[in-house]
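Novice: Sequences listed follow chains A and B, in order. Sequence positions in the first sequence follow the working numbering and run 3 to 257. Sequence positions in the second sequence follow the working numbering and run 123 to 533.
A hint or two may mislead.
[To be verified] Simulated restraints, written as ranges between beta carbons of each label pair:
| hint | chain 1 | residue 1 | chain 2 | residue 2 | range |
| --- | --- | --- | --- | --- | --- |
| 1 | A | L58 | B | K508 | 14 to 24 Å |
| 2 | A | G225 | B | Y208 | 46 to 56 Å |
| 3 | B | K323 | A | S42 | 21 to 31 Å |
| 4 | B | D467 | A | L37 | 43 to 53 Å |
| 5 | A | E39 | B | E489 | 55 to 65 Å |
| 6 | A | L32 | B | K508 | 19 to 29 Å |
These aren't lab readings, by the way, just hints derived from the structure by calculation. Fair warning: this is a prediction, and the values are worked out from it, not measured in the lab. Yeah, the Cβ is synthetic: ideal placement off N, Cα and C, and Gly gets one too.
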Amino acid sequence: MFKIAKYVVYDILRSKVLIAYTVFLLGISLSLFSLEEDASKSIVSLMSVVMIIVPLVSIVFSTTYFYNAYEFIELLVAQPLSRTTILLGKFTGVAFSMLTAFFIGVGVPVLIYSPNATGFVLLQSGIGLSLVFISLAFFSSVATRDKAKGIGLSLMLWFFFSVIYDAIILGVLFAFSDYPLEKAVIALASLNPIDLGRIMILMKLDISALMGFTGAVYKKFFGTGFGFFYTTGIMLLWIVVPQLVSLRIFRKKNL
Amino acid sequence: MRLFVFLFASVILTGIIQGKTTVVCPDCPVNNFMRAAFIAAPHDTIIVKSGTYPSINSIITKPMTIIGENYPVIDGRGRDEVILVYSDSVTISGLHVRNSNRGSMKDYAGIRVFQSKQVSILNCKLENVFFGIYLSDSKQVLVKGNHSKGANYGKSDTGNGIHLWKCDSVTVLDNYMEGHRDGIYFEFAKHCHIEKNLAEKNYRYGLHFMFSDDDTYVNNTFRNNGTGVAVMYTKRVNMFNNVFENNWGDAAYGLLLKDIGNSVIEGNVFRNNTIGVTMEGSSRMRFENNDFTRNGYGLRIWANCTQDTFVHNNFSGNTFDASTNGQLQQNIFNYNYWDKYTGYDLDRDKIGDIPYKPVSLYSMLIEQMPYAVMLLRSFMVDLLDKAEKNIPSITPEAFEDKFPLMNMIKR
Numbered sequence: 003m004f005k006i007a008k009y010v011v012y013d014i015l016r017s018k019v020l021i022a023y024t025v026f027l028l029g030i031s032l033s034l035f036s037l038e039e040d041a042s043k044s045i046v047s048l049m050s051v052v053m054i055i056v057p058l059v060s061i062v063f064s065t066t067y068f069y070n071a072y073e074f075i076e077l078l079v080a081q082p083l084s085r086t087t088i089l090l091g092k093f094t095g096v097a098f099s100m101l102t103a104f105f106i107g108v109g110v111p112v113l114i115y116s117p118n119a120t121g122f123v124l125l126q127s128g129i130g131l132s133l134v135f136i137s138l139a140f141f142s143s144v145a146t147r148d149k150a151k152g153i154g155l156s157l158m159l160w161f162f163f164s165v166i167y168d169a170i171i172l173g174v175l176f177a178f179s180d181y182p183l184e185k186a187v188i189a190l191a192s193l194n195p196i197d198l199g200r201i202m203i204l205m206k207l208d209i210s211a212l213m214g215f216t217g218a219v220y221k222k223f224f225g226t227g228f229g230f231f232y233t234t235g236i237m238l239l240w241i242v243v244p245q246l247v248s249l250r251i252f253r254k255k256n257l
Numbered sequence: 123m124r125l126f127v128f129l130f131a132s133v134i135l136t137g138i139i140q141g142k143t144t145v146v147c148p149d150c151p152v153n154n155f156m157r158a159a160f161i162a163a164p165h166d167t168i169i170v171k172s173g174t175y176p177s178i179n180s181i182i183t184k185p186m187t188i189i190g191e192n193y194p195v196i197d198g199r200g201r202d203e204v205i206l207v208y209s210d211s212v213t214i215s216g217l218h219v220r221n222s223n224r225g226s227m228k229d230y231a232g233i234r235v236f237q238s239k240q241v242s243i244l245n246c247k248l249e250n251v252f253f254g255i256y257l258s259d260s261k262q263v264l265v266k267g268n269h270s271k272g273a274n275y276g277k278s279d280t281g282n283g284i285h286l287w288k289c290d291s292v293t294v295l296d297n298y299m300e301g302h303r304d305g306i307y308f309e310f311a312k313h314c315h316i317e318k319n320l321a322e323k324n325y326r327y328g329l330h331f332m333f334s335d336d337d338t339y340v341n342n343t344f345r346n347n348g349t350g351v352a353v354m355y356t357k358r359v360n361m362f363n364n365v366f367e368n369n370w371g372d373a374a375y376g377l378l379l380k381d382i383g384n385s386v387i388e389g390n391v392f393r394n395n396t397i398g399v400t401m402e403g404s405s406r407m408r409f410e411n412n413d414f415t416r417n418g419y420g421l422r423i424w425a426n427c428t429q430d431t432f433v434h435n436n437f438s439g440n441t442f443d444a445s446t447n448g449q450l451q452q453n454i455f456n457y458n459y460w461d462k463y464t465g466y467d468l469d470r471d472k473i474g475d476i477p478y479k480p481v482s483l484y485s486m487l488i489e490q491m492p493y494a495v496m497l498l499r500s501f502m503v504d505l506l507d508k509a510e511k512n513i514p515s516i517t518p519e520a521f522e523d524k525f526p527l528m529n530m531i532k533r
């Protein structure tokens with residue numbers, strides 16, 4: 003498994019896309035931190051980048067990589083290796099390279115300019131989101147053989163989680179605005195990894211004190227140790243479940 | 123000229139009517155503070171040397187001067203009130219007053235002044251008192267340089283630091299209040315001057331006043347109080363160069379203005395508050411040269427506020443610059459700096475060419491549905507805000523700064 007991962011990493015490192023991604027993240031982080039004197043404000047701006055760009059690049063890059071390396075997969079399948087090992091090896095390789103890019107691009111500037119709780123939560127949710135969206139990318143890649151369809155599905159997933167899902171929440175809030183919805187909103191929002199990552203950071207930024215009673219309810223839920231385990235748990239579920247599903251499909255798949 | 127003669131005469135008279143001086147110390151013939159205050163003749167001076175003196179309801183009924191040296195402890199022993207001033211022309215300075223009683227039936231005070239004129243309370247320390255300095259029905263009182271620390275009773279069981287009820291022309295200068303219910307509390311206190319005070323870590327408000335017209339607040343700092351500063355039902359208030367900061371909490375305001383009219387709020391700093399300024403039913407106010415920095419909401423202005431003017435203020439680093447709860451908007455915003463302004467300045471006159479709308483769609487949504495705060499900084503919300511900025515439908519159209527400044531005003 004790790005041997006496969008190693009080859010995947012070598013392969014990815016040779017392509018320029020990942021390097022471009024790293025440089026892009028690094029450029030954004032450094033410019034945000036140097037433009038703004040107040041580091042917590044830069045974290046807020048950086049957060050919007052992490053919430054949009056990181057999932058998008060993770061999912062699109064992983065999907066295209068999967069399809070581009072299809073011959074390699076076919077070759078590996080011909081070897082005496084279990085399909086689980088192959089897919090997990092691929093996942094490990096892609097995840098390792100994406101996380102390295104993220105760590106150099108965002109992690110290092112954050113550790114230099116803002117090494118505090120907020121910064122760590124930003125990194126944590128960025129790492130979580132990278133993994134979640136790589137996992138989703140693998141799911142959409144094994145779900146269909148057609149490259150265009152696969153990438154289309156990936157983009158759909160990204161669009162759903164970053165835009166449509168919030169619109170749905172807002173719609174639900176409007177429709178049921180006569181009811182006490184605090185708990186329902188927590189449940190709804192925590193089902194979306196992007197929302198979850200965002201909320202984790204917001205809680206650290208002390209914005210929870212903003213909105214009176216509601217903010218207090220959220221703070222009580224997410225600000226505690228239980229909230230931390232809950233958010234981490236949901237993130238892990240979002241990484242593991244799509245991966246399990248894609249493993250199931252991949253094991254029985256007719257390549 | 124007449125004034126000068128009057129002053130001259132009063133100086134001479136003071137010299138003549140100056141009484142004798144009594145020294146109170148643990149080893150002196152007079153070693154009891156209560157007794158010294160009782161036997162003193164009018165216009166006497168009592169000098170209290172350092173030591174501890176029990177004082178349960180020491181009543182001062184004659185004009186006199188009480189001077190503490192090295193902060194003698196005047197101890198109420200938790201029985202009742204500590205010092206009561208029932209006479210005009212009393213000066214109390216340098217005492218360390220502590221341990222008043224507490225309770226909900228009576229407002230026990232460290233130093234109480236009742237129906238008196240020309241009283242000065244200077245440089246006293248108050249500790250573990252229910253109410254610190256309590257002035258009622260008094261005029262021309264000077265409260266200066268006092269340091270009052272409330273009791274550690276807990277939130278529901280503390281009184282106010284400096285409490286004024288039905289007073290006139292009181293000067294409150296250079297005082298420090300901590301751990302009280304309200305740092306400074308005024309009710310029916312008119313024509314007062316409040317300068318250079320610091321109120322922090324009080325359980326409820328740093329400053330709280332009602333029905334106290336024509337007061338002036340200069341260079342005060344109110345920080346870290348339970349719910350900030352709340353002022354109500356008052357006209358003609360002047361607030362200059364005060365600092366309101368670090369009032370974070372579920373219902374904390376830098377400054378809450380409820381039914382305040384014809385007032386001037388100038389040169390103040392509102393920093394790190396959940397809500398910088400909340401205005402409710404406040405009209406004909408003038409906000410000039412204030413800084414709203416890093417608040418949750420910079421300004422929350424209810425639709426029942428009319429004819430308020432906002433000029434030359436800086437709004438920077440606020441999560442929301444402004445919000446309101448209705449479509450109606452009858453206030454004037456001009457020449458303010460807003461860090462979220464994205465317009466351009468083609469003619470280079472440092473004034474943006476297109477108006478700025480400080481109220482975002484999302485802040486209006488939150489006003490109606492508080493739980494939607496969960497979507498704060500979501501991509502979708504940003505998209506909606508952008509769309510709304512271009513074609514306003516929910517946000518009040520008239521709520522705009524027609525001449526937003528391009529650069530922050532340097533102060």
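Novice: Which hints from the list above does the structure break, by number from lowest to highest?
Specialist: Of the numbered hints, 4 and 5 do not hold.
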